[in-house]
Amino acid sequence: MTPIDYYIHLDNIYLKAVVYVLLAPILGGLLAGVDRKISARLQGRIGPPIIQPFYDVFKLFRKEKIIVNKFQNFNVNLFFVFMVFTGSLFFLGGDLLLVIFALTLAGVFLALAGFSVNSPYCHIGAERELIQMMSYDPMIILVAVGMYQVTGTFRVDAIAMYDEPLIIYLPGVFLGYLHILTIKLRKSPFDLAMSAHAHQELVSGLKTEFSGSTLALIEIGHWYENVLLLGIIYLFFAFNSLVGLAAMLILYFFEIIIDNTYARFKWELTFKSTWLVTALFGAANIIILYYSMQP
Amino acid sequence: METIIFLIIFPAAISLVLLSIPVKSVRRLIAVIANIALIAGTIHLMYESGGETVRFELENIWIERAMTVLEVALSVYILYMGFRFRRYLVVLFTLAQLALLVHFEAFVSPTVHVAHNLFVDNFSIILALIIGVIGSLICLYAIGYIEEYHERHKESEDNRRVFFFLMYLFLSAMFGIVFSNNLKWIYFFWEITTLCSFLLIKYHEDEESIESAFSALTINLMGGLAFTAAISYATIFAGTLELDRLIAEGGAYAVVPAALIAFAGLTKSAQFPFSSWLTKAMVAPTPVSALLHSSTMVKAGVYIIIKISPALRGTPAAAMLSYIGGLTFLVASFIAISQSNAKKVLAYSTIANLGLVVACAGIGTNEAIWSAILLIVFHAVAKSLMFLCVGITEHKLSSKEIENMDFLIMEMPKVSAAMIIGISGMFLAPFGMLISKWATLKAFIDFNPVMAIILAYGSAATLFFWTKWMGKIITIKYGLKNREKVVSPWEWTTLAVLSFMTIGVCIIFPILSSALIEPYIIGLFGVSPSMDRFNIIIIMIIMLGLLTILPIGLMYYAWLNKDYKRVGTYLGGANVDNIHFLGSLGAQRTADIRNYYLDGFFSEKRLYNYGWVTAVFLVILMLGVVIV
Numbered sequence: 452m453t454p455i456d457y458y459i460h461l462d463n464i465y466l467k468a469v470v471y472v473l474l475a476p477i478l479g480g481l482l483a484g485v486d487r488k489i490s491a492r493l494q495g496r497i498g499p500p501i502i503q504p505f506y507d508v509f510k511l512f513r514k515e516k517i518i519v520n521k522f523q524n525f526n527v528n529l530f531f532v533f534m535v536f537t538g539s540l541f542f543l544g545g546d547l548l549l550v551i552f553a554l555t556l557a558g559v560f561l562a563l564a565g566f567s568v569n570s571p572y573c574h575i576g577a578e579r580e581l582i583q584m585m586s587y588d589p590m591i592i593l594v595a596v597g598m599y600q601v602t603g604t605f606r607v608d609a610i611a612m613y614d615e616p617l618i619i620y621l622p623g624v625f626l627g628y629l630h631i632l633t634i635k636l637r638k639s640p641f642d643l644a645m646s647a648h649a650h651q652e653l654v655s656g657l658k659t660e661f662s663g664s665t666l667a668l669i670e671i672g673h674w675y676e677n678v679l680l681l682g683i684i685y686l687f688f689a690f691n692s693l694v695g696l697a698a699m700l701i702l703y704f705f706e707i708i709i710d711n712t713y714a715r716f717k718w719e720l721t722f723k724s725t726w727l728v729t730a731l732f733g734a735a736n737i738i739i740l741y742y743s744m745q746p
Numbered sequence: 018m019e020t021i022i023f024l025i026i027f028p029a030a031i032s033l034v035l036l037s038i039p040v041k042s043v044r045r046l047i048a049v050i051a052n053i054a055l056i057a058g059t060i061h062l063m064y065e066s067g068g069e070t071v072r073f074e075l076e077n078i079w080i081e082r083a084m085t086v087l088e089v090a091l092s093v094y095i096l097y098m099g100f101r102f103r104r105y106l107v108v109l110f111t112l113a114q115l116a117l118l119v120h121f122e123a124f125v126s127p128t129v130h131v132a133h134n135l136f137v138d139n140f141s142i143i144l145a146l147i148i149g150v151i152g153s154l155i156c157l158y159a160i161g162y163i164e165e166y167h168e169r170h171k172e173s174e175d176n177r178r179v180f181f182f183l184m185y186l187f188l189s190a191m192f193g194i195v196f197s198n199n200l201k202w203i204y205f206f207w208e209i210t211t212l213c214s215f216l217l218i219k220y221h222e223d224e225e226s227i228e229s230a231f232s233a234l235t236i237n238l239m240g241g242l243a244f245t246a247a248i249s250y251a252t253i254f255a256g257t258l259e260l261d262r263l264i265a266e267g268g269a270y271a272v273v274p275a276a277l278i279a280f281a282g283l284t285k286s287a288q289f290p291f292s293s294w295l296t297k298a299m300v301a302p303t304p305v306s307a308l309l310h311s312s313t314m315v316k317a318g319v320y321i322i323i324k325i326s327p328a329l330r331g332t333p334a335a336a337m338l339s340y341i342g343g344l345t346f347l348v349a350s351f352i353a354i355s356q357s358n359a360k361k362v363l364a365y366s367t368i369a370n371l372g373l374v375v376a377c378a379g380i381g382t383n384e385a386i387w388s389a390i391l392l393i394v395f396h397a398v399a400k401s402l403m404f405l406c407v408g409i410t411e412h413k414l415s416s417k418e419i420e421n422m423d424f425l426i427m428e429m430p431k432v433s434a435a436m437i438i439g440i441s442g443m444f445l446a447p448f449g450m451l452i453s454k455w456a457t458l459k460a461f462i463d464f465n466p467v468m469a470i471i472l473a474y475g476s477a478a479t480l481f482f483w484t485k486w487m488g489k490i491i492t493i494k495y496g497l498k499n500r501e502k503v504v505s506p507w508e509w510t511t512l513a514v515l516s517f518m519t520i521g522v523c524i525i526f527p528i529l530s531s532a533l534i535e536p537y538i539i540g541l542f543g544v545s546p547s548m549d550r551f552n553i554i555i556i557m558i559i560m561l562g563l564l565t566i567l568p569i570g571l572m573y574y575a576w577l578n579k580d581y582k583r584v585g586t587y588l589g590g591a592n593v594d595n596i597h598f599l600g601s602l603g604a605q606r607t608a609d610i611r612n613y614y615l616d617g618f619f620s621e622k623r624l625y626n627y628g629w630v631t632a633v634f635l636v637i638l639m640l641g642v643v644i645v
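Here the protein sequences come in this chain order: X and E.
If you read the first sequence in our numbering, its first letter stands for residue 452, the second for the next number, and so on.
If you read the second sequence in our numbering, its first letter stands for residue 18, the second for the next number, and so on.
Hints may contain errors.
[As the list claims (entries may be wrong)] Quick look at which bits of chain X chain E covers, simulated, 3 or more residues with Cβ under 8 angstroms: (1) 508-520; (2) 523-532; (3) 549-556; (4) 594-605; (5) 734-745.
The set of hints was computed from the structure by calculation and includes no laboratory data.
Keep in mind the model is a prediction, meaning the values are calculated, not measured.
Heads up, the beta-carbon is just placed ideally off N, CA and C, and yes, glycines get one too.
Bound conformation, chain E alone (with noise of 0.2 angstroms):
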């Protein structure tokens, strides 16, 4: 138990050590050892755990008074952010959620007594081991990025120490959602976050972050708010505020306050209809995307969700979870295609893969929990690799545009292979996200096939998308001055330790799978799938075959100089040089390469509004059934 609270509150500790001393070097030294700290935590807590359920009672008056204080402070702050730039709609939340809190505290709480605040799971740890060890090493990138950030950016106010302090407050606020049982104190985290990335969405200042930060605020709100209703419900109805009692002892009136904790999921992990504050984030400095996308936020919607799927199984309501993750992840694939900015793709692709874990979540079979856990793992080491890759390229292009990545491998050799590490992770045999994609496919056909086929065109346009952006930084063009000099050890250290983690748990999967995961699945449902072993062995020797073939194939080409002819490219017979061409006039041409992004059939305006149509529909319909 003391590593589970040492890991709740040590970063909370740290952050106001962080908040508090004005020297850099003092900070960054403290930062550093508190990172180190975090991941031996997390570790320590893998070990220190033999795999079975632990809950613990903690029962002390004061913390729950401490949490009742900060929760009414957090209202009334965002409050006051609501009447300050006037977003009617955050007060009318926000007081709707003071309304139904205040009821609770007065005439319901004093009736219930919660027997466990806190437990522990592998499920828990493996998010722990996300939310220490990535979200750890994305604040170590953050330390770099930040410098360059505020060079690039001199008309920003200089908050830094804010931000580190809102970045570990994050942290502990998702330790603290996973390892809580009683729903008071999740939905405490809960806020927390919410607030955590109002404001770190915001750090810019400009009229766009502002934007953008007030709609992340008010379509979570919207989700607090549901998260609260269900609170009082379970209370008032199934007479426990314990999840795990609730979801074993609730039957039927677990039913509602799941589906209400459902749709607070779905607002946190930017599920349609509510995937609009997702994108608009990626006006953040990169980290925060980063931390947002891959350890943080969004994996704590998908974590209730998975967590709570138990107490829907079998009502139609579970069925429209799966529909909604299904069209997220069918419509979100699509509109990624028709994006140019690398950071908006990445959102995309993000909401599209949380789609699936939705979707398995929905569907709530022992295979579909197996892969949903799968997704979750694969997903956050590569996406946050991804987004630091773009962190840094944002900063060396001046761009975030895909567009402006040509030439990108001989411009930034390192940056661009730790980019290619990424984007095959999120597509590619027999990187990880295809091995949870195959598994989820297998899940799909054994409880619908409609979900199949969404899978099977999902993952034709994310084929699509990914290669053209890797086609696109792969392109070769000599005489190219190499601009990567400049990135910080920081931002390096991170990028190679993240690269190297991709491949990884490719490689331990296996043992990932059946020492963490599948004990968990046991326990659930009493038997868990896993891969068949003659497939994992041809996945390691495609995987090693590239290992290997890769570098020393690259070598060999770059090293051994072939005195084969060299020629120019062919343009028609026009050539005047490798890129210029002569027209028809006679006048001389610039060959240009651009991609395509079919705009035609994946425009994001169209496929935004029937996706959105469509998802309200089905929540609506989701939220309909379990109430009537």
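Isolated chain X, as found in the complex (with noise of 0.2 angstroms):
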């Protein structure tokens, strides 16, 4: 039995509630230093330590707090709240729709920060993010719909403890999710709201005007977002935890090669292709199960 099978098995769901909130930011500050690390090397760069991502977080616990008005950190500190509490949702077994509005909720918290400050550069990564939004939600929806159809429940909890592996029955819909897992993970082709990276029209969308702790909190808000999201990949191999754990790090890592080896798209080109695959694959997956169901 290993880690994560005794995690899922556990029925305490505050206990696992709270192993989430307490594991979650370390281990997504730790793929984060991987991911740089990774994209060093495959830049012919050494890169910095693994633990980076931490020391950088600290240190913008640090700075100077500098602001533009007095309300624009307040929708951060929500995204924050509601980021924590749709993984918590997800960790301790809840229902994948909840997650999935939840998850819509600090999304929106986190573009109405950006609006608020009535900066250029954040209002036009607001809005990139919205479109982003938009591209990935029927998307997402359908990979609960998916799964539901294959194990007759949203529960988180049901969902991973079901013995057979959802990937046959749903090979359209995780491709499709794997797709739209490039843009929550704000990789690119699909950086298009917020950037890392230098990318001079942008600036650095969304996040421009936002400093100090508030950046921090944006930051370990994508760390919380970041393990929720391989929690659904796992999810599609939760029949052996092993190999659901290599599918988890193989994809990760899959998707730090799409970061490295792709030029940016422009935001029509995001739109459309993720609407069309999410019909293409998705649908087509869920219509064509629906069908190999019936009696």
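Hints given; two lone chains; assemble the complex.
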């Protein structure tokens, strides 16, 4: 029995949530560190130490607080709170649809933070963030729909304990999810709304006017989010926890490769391609599955 | 039974009183008392009824005669208007209706006996609550609104007595529709709503208003024609004029009238291909739009579709109905993205949400009907709030454009707060519309995955256009003066009550569901869905979290004058001040921030045409499969 199995079979949902709240930022931060290291090696650099993201965040917390207006940081705090809440809801085994809706709520708060500053760069970042949300939203709902069709439940804990591999029934949905995962992880070619890299026309997009501890909260919020997104990958392979773990790591590595080998798309292409992929892989998979499961 | 008759007669009586009294202050007093009485009446009805369906006889030859006379008078008036404004389509529809009615009264009517003319069940109580409470609130708001309307539109003739006459008559007719069991009665009230909406949309009396009013009239008369055809068919073939008996005993003969009535419902609830009248109706004074959109008119359409849907269950017509609803939801949500006129965004959002209700009715499972009723309730509350907010900003900003709502939260903080509640109520967790969309999604998956996919895409579009609107109003800039000091107390009261109601219905939603909706669904299907308790708890946690964090957080940020370093926004390093920068040639330029409307993808013109053609095709199929 692996630790993952042990975790899934825990009965105490509060304990599960606490484990997530404590461990997710550590795992997320480490993943970000590994990401930077691998990216550096792919680019022929040595790269920062693996725990560099933690250094960065700690340093951000010690920075002087600089603001444009009094209220701008409020929405970021809300984003953070609801992101942690969403992740906890997923890892304690709640309803997958509710997780998706709560994730949307957190995303809306982040976009609103960008809008509220009244800065052109933040604004365009927020608009693009919304376009991204609109792009990936259908697919992420279809993930839940597909899992429901196979397992008959929306409960994450029940889906995680399902014996058969979901990937066999939902290959198209899985491919669609991989597509939007690139958006959600804010990887190139879809890093439209904000970016760690220097993008001239966007400056830092949504994050432009946020600094210090608020920026740190955005960062940690993304760590929580990334762990949640990998958790959804796990569900496709939940029949065996080792396979699931391997899938998460391999696919994360795959996303890093994509990130380093693609130039950025325009928002039009991002939007079109995502809805198209959602239709061709996700929707088609679900309709075929529906008819194949008819008696 | 007395309560029902009170609810139908009383608003009509009040409307006549308001029409005849020339003194403004007396009219206001009467209106306030009348609205309190109406709200009390509907709440009384809720407590009085035990949840069962109760039918009443109320047979009286004089009622029948009075209705016939009034109906003919209505038709004559519409004919007159049609000739006067040279709208011959209107004339044609009216003449066809008259011919059918005369034929009906002369040859068919004497042969049938109607056992129950009125009825009440939980569904009509829910509708009555919406009409009574929200309708009354809108009427109160209108008292303040119309005053300012006439100050701003000096060219418009001051017919406010007629205006309030029509508003209350509208409520009366709506009560009539939801309590009538006799199809002829429903039709009578149906036609009154058509005429009232026509006159209310025409209120401004300029060219655009008249054009829009006739558009509404033409489309609704087409629905009325289908309704008369349904009545004739039902009496001749199914031998009954009663809605409940038609559904229960009509069998194969119920399908054609049911499809025709559903057709009438589609026209009234502005589904594709009949959506154009509702978007054009936005020229009317805002309380009229609020009334048409949230508590009356369009709700009458979906009410009758839900009511009649059991007669269609399992037929291809029902499938067509659900596709029409799904198509409407999808296309209207897409079009809303490209709209910058606040009222048009609201109009398309209404059309879209009603599309979901129609789709649920077409599916017709217990889950689907449950979510359809939830959608109606939550939509009515949040949408009326949104309209009333836009009504205020429209006057204060002298514009309906969302693009002019920059910094609204600094200029009109309270109205903005209400607007944010309204917008959240339309699409965000943990508010009502999201809860009902969730229920709808579950109902769709079990029925047909295509519908679930449509819902997934449509919801994504919904998310986009609401959030960008919300982003617009919460943009912050200092040094603006407060513009909401002159909003009348009538409008404030309504706005406050509706804001609390938008939140309140979400909090009491489990009670609402178990006390009113579930018994009704059990009565229809024997089993009723209900929401998982764990999920309800989570939703309540989110709700309570928002309700505590938001005010406390806002106060924290507003009052604590933190000595953080203030900087200007980043403008490529070429700032002059916070909004001006130096361009590449050294000229000073202003950074002007505008929203995306994605016209290349979601232009109204193109999408509307696609949607229209497809919907016409589906409507032809819906009627075709039952007639052939």
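Verification of the supplied hints:
no.	hint	verdict
1	508-520	holds (count 6)
2	523-532	holds (count 6)
3	549-556	holds (count 5)
4	594-605	holds (count 3)
5	734-745	holds (count 5)
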